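Visitor: Next come the chains, spelled out residue by residue.
Number of protein chains: 2
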Amino acid sequence: MPIVTPRTIPGVLELLPRDQIALQSMFDTIREGFESFGFLPISTPAMEQTAVLLTKSGSETERQVYLAQSTGARAQGYEPDAALRFDLTVPLARYVAEHEAELIFPFRRYQMQPVWRGETPQRGRFREFIQCDIDVVDRDELSIRYDAEMPAVIASIFSRLAIGDFTIRLNNRRLLRGLLIDLGVDDSGLQGLALRELDKLERIGAEDVAAALSKRGIAADTADRLLKVAGQGPLKGAAATEMLAALPDGNELLVKGKEELASVFSLVGVQGVNPDQVALDLSIARGLDYYTGTVYETTLDDHPEVGSICSGGRYEDLASLYTKSRLPGVGISIGLTRLFWQLRELGMTGTTANPVAALVTLIDEEGFETALRLATELRTAGVNTEVSMKAGKLSRQLKYADRAQIPIVVIAGADERQRGTVQVRNLVTRVQQEVAASEVTATVSSLL
Amino acid sequence: MPIVTPRTIPGVLELLPRDQIALQSMFDTIREGFESFGFLPISTPAMEQTAVLLTKSGSETERQVYLAQSTGARAQGYEPDAALRFDLTVPLARYVAEHEAELIFPFRRYQMQPVWRGETPQRGRFREFIQCDIDVVDRDELSIRYDAEMPAVIASIFSRLAIGDFTIRLNNRRLLRGLLIDLGVDDSGLQGLALRELDKLERIGAEDVAAALSKRGIAADTADRLLKVAGQGPLKGAAATEMLAALPDGNELLVKGKEELASVFSLVGVQGVNPDQVALDLSIARGLDYYTGTVYETTLDDHPEVGSICSGGRYEDLASLYTKSRLPGVGISIGLTRLFWQLRELGMTGTTANPVAALVTLIDEEGFETALRLATELRTAGVNTEVSMKAGKLSRQLKYADRAQIPIVVIAGADERQRGTVQVRNLVTRVQQEVAASEVTATVSSLL
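In order, the protein sequences belong to chains A and B.
Positions 17 to 464 (the numbering used here) are the ones given, in order, by the first sequence.
Positions 17 to 464 (the numbering used here) are the ones given, in order, by the second sequence.
If you're looking for bench data, these hints aren't it; they were derived computationally from the structure.
These figures come from a predicted structure and were not determined experimentally.
Honestly, I wouldn't trust all of these hints.
Same chains, same names: a pair is fine if it fits in one copy or spans any two.
To be verified - List time: in silico DMTMM-like cross-link candidates among lysine to aspartate or glutamate, alpha-carbon distance up to 20 Å:
no.: 1; residue 1: Lys406; residue 2: Asp156
no.: 2; residue 1: Lys406; residue 2: Glu275
no.: 3; residue 1: Lys406; residue 2: Glu30
no.: 4; residue 1: Lys231; residue 2: Glu135
no.: 5; residue 1: Lys274; residue 2: Asp97
no.: 6; residue 1: Lys244; residue 2: Asp265
no.: 7; residue 1: Lys406; residue 2: Glu432
no.: 8; residue 1: Lys415; residue 2: Asp154
Just chain A, same shape as in the assembly (with noise of 0.2 Å):
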């Protein structure tokens, strides 16, 4: 008797397998896209000592972190000393830190992983999702350069996931306390705030960041200014070259700033990207400290609700908690499960083909070791092929073939056994020709 109801935890995405094939299409194009700028794998374990997650910041990502405890030591009254992963970038410290004696730098990894985040469920909001992070590490100094490859990454890989047009929005946080220095916010702390309100422009507009920075203590004919520079938009090709050139020399860190700006500009358009997909925008500048340079987020053209699909930025020091060795870094992260939900949403993920190509049917059960031998033939060509272990009606078969997306039918009941051939009906094209038994693989392999 049935005693438990079964459901998933509140708060994940669950997939049937038609939407998983889509789910993993997308993760493959990824990890291609990863794997063809040269970065190398690693994965790294779920759970983590407490003392590596838990830093004791107060912040609200530490509230979320999912403590783990077997039942055992439970029973037993221990604490908890593990817990899971909730980004990809303090694994990824810890992982530099631990092993940095073994890794050849500049150390360029890719991981693609779930991570989980106790948040309150609510829709487009999960508690486990697959983050898919690219990061090029080195010591002591890391070259502007790299900060150049990453739009490239971007670009190469939404290309391929041929989700639509995007725009790649390039800032530089140098730039940004630069301008705030030029506008006399002198103090680090307060340029900091600021540019985490300076963040939400696109979201709550000018006014509410207006108002917000002068809570913060900014004069509003500051902000204003602030704004005015900053909220001019993305801004592409000639026009981001005019606006870089339009900013005021007025510190070391502005011309550093814009110089940075500059080469990565530059340095994108030699690496084949087109103009059209990067752009300046001053009012990104990330939430977080972390990031010190240059700052990326990624959005549709066609879709700018779905906000930022990619985003990364600079930081001058992967792994201060674990070693002393200085470790600039520079990355990207693409929240794999979120864009495949909103995807999902807009109705832009039904296009996958299902990976398995090919059905052989069975009529009648004397066909059943031909069917065997026709599949075995096919998947040794290398054809994903399922076989019928139940005699029955065609029409059932192909009905079943049709709900279950497999393009290609082969038949073999006993009038073609006994000529000798084999039927492969195309069913996407309605197509269907009688063909010596012989010739089965290569007609199937044809159609695909």
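With chain A held as given, fit chain B onto it using these hints.
Guide: Showing chain B alone in chain A's frame:
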């Protein structure tokens, strides 16, 4: 100042990129094998409701389940209501019961995800390990033909993995129970206990099994007769057929079990599996009472000490805890993490190629744009390519490529640029050739 020692939790396998590439390559190969037989992917959340995972059986496994709870919920004094899956079978049962109305039956799914158990850490025992499972589940009834498909999948995958000769050992629990009845053991509980002891035969030997059976209350001569039949080790080809034919027809279970085994053997052959890769082994019982008919284990011929690398069996009802529907199925599981670890211990994992196929070097700063363009061309042609971002001595860059196992190095120094050529160096054969810049992609592709 570093304050936390960077280390993983105990009992997990964390790999350097080179090993991760090898593991990932095995993962991909297994996935290709599953897909070639028409299995569809699913993925379930790491966490399940505690009610799904903890069924108050009081088993060893239940003491090892990891409870998961957010720090926020814990601070508020709640009990954990989620836990991490400890296998992929329980989540499959919950998944099928939850989505039954939306699934197409027979439901053929593969699932390749980590599971967690709070084991006492020791060599070769892991607290996190990847399981690679397939199952076919149908409603009410499932043909024995699916039992014969499993060895075909196993043979296909381990042939692709190329880790040496292997033997798929087949048995049938119905037959074993029939044998016990024939020997006078009518109590089905006692039969289950006896099979659990018999299963240890290869590990602990006939004497110890006989002693354990006697402890369970089975008469010494009954145990002897059971061990005489079941203890003949793996039998292949004609020996297996003779053994099956020689078994008594003592009762219905015995007859049914013999028939099922004979069907499986004959259909495995039709699917082109090499008869040397399949054996009858009447000592295999799989500890679990969960299995009812066919059972499988797979061993490496040259490394029997590794134990079973792929096991599974037929079960009567997958999800009785969650649904009234009767859902018989058959499945197998590969414990990838442990298998990888064991192969590495045996020195059998070192041959996987680096996914990065080419390094474009940088000798002088003026060559940077050329290097970026060459890399973009190579990537566009499908060659995974890394670029040196820092100009420097060629010897140092060659050493880096060698250490990172990147097989091809592309060099466009000042001389080559003036001549409109590129040097393509094969680090495997140590052959270097100078080709026209326009030929670089074709040349590199031909070398891979």
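Visitor: Would you mind marking each hint as holding or not holding in the structure?
Guide: Here is how each hint holds up against the structure:
1. In this homomeric assembly, Lys406 and Asp156 come within 20 Å of each other (Cα to Cα) only across copies, at 14 Å, whereas the closest approach inside a single copy is 65 Å.
2. Proximity of Lys406 and Glu275 under a CA criterion of 20 Å is satisfied inter-copy only: 18 Å between copies versus 69 Å inside one chain copy.
3. For the identical chains of this complex, Lys406 and Glu30 are neighbours neither inside a copy (30 Å) nor across copies (45 Å), given an alpha-carbon limit of 20 Å.
4. Neither within a single protomer nor between protomers do Lys231 and Glu135 lie at most 20 Å apart by alpha-carbon distance, with minima of 28 Å and 53 Å respectively.
5. In this assembly of identical chains, Lys274 and Asp97 lie within 20 Å of each other by CA distance neither inside one copy nor across copies; the values are 46 Å within and 52 Å between.
6. Proximity of Lys244 to Asp265 under the C-alpha cut-off of 20 Å is restricted to the intra-copy arrangement: shortest distance 17 Å within a copy versus 92 Å between copies.
7. Proximity of Lys406 to Glu432 under the C-alpha cut-off of 20 Å is restricted to the intra-copy arrangement: shortest distance 18 Å within a copy versus 66 Å between copies.
8. When the C-alpha separation of Lys415 and Asp154 is checked against a cutoff of 20 Å, the pair qualifies only between copies, where the shortest distance is 17 Å, while the shortest distance within a copy is 56 Å.
Consistency note: the structure conflicts with the earlier hints numbered 3, 4 and 5.
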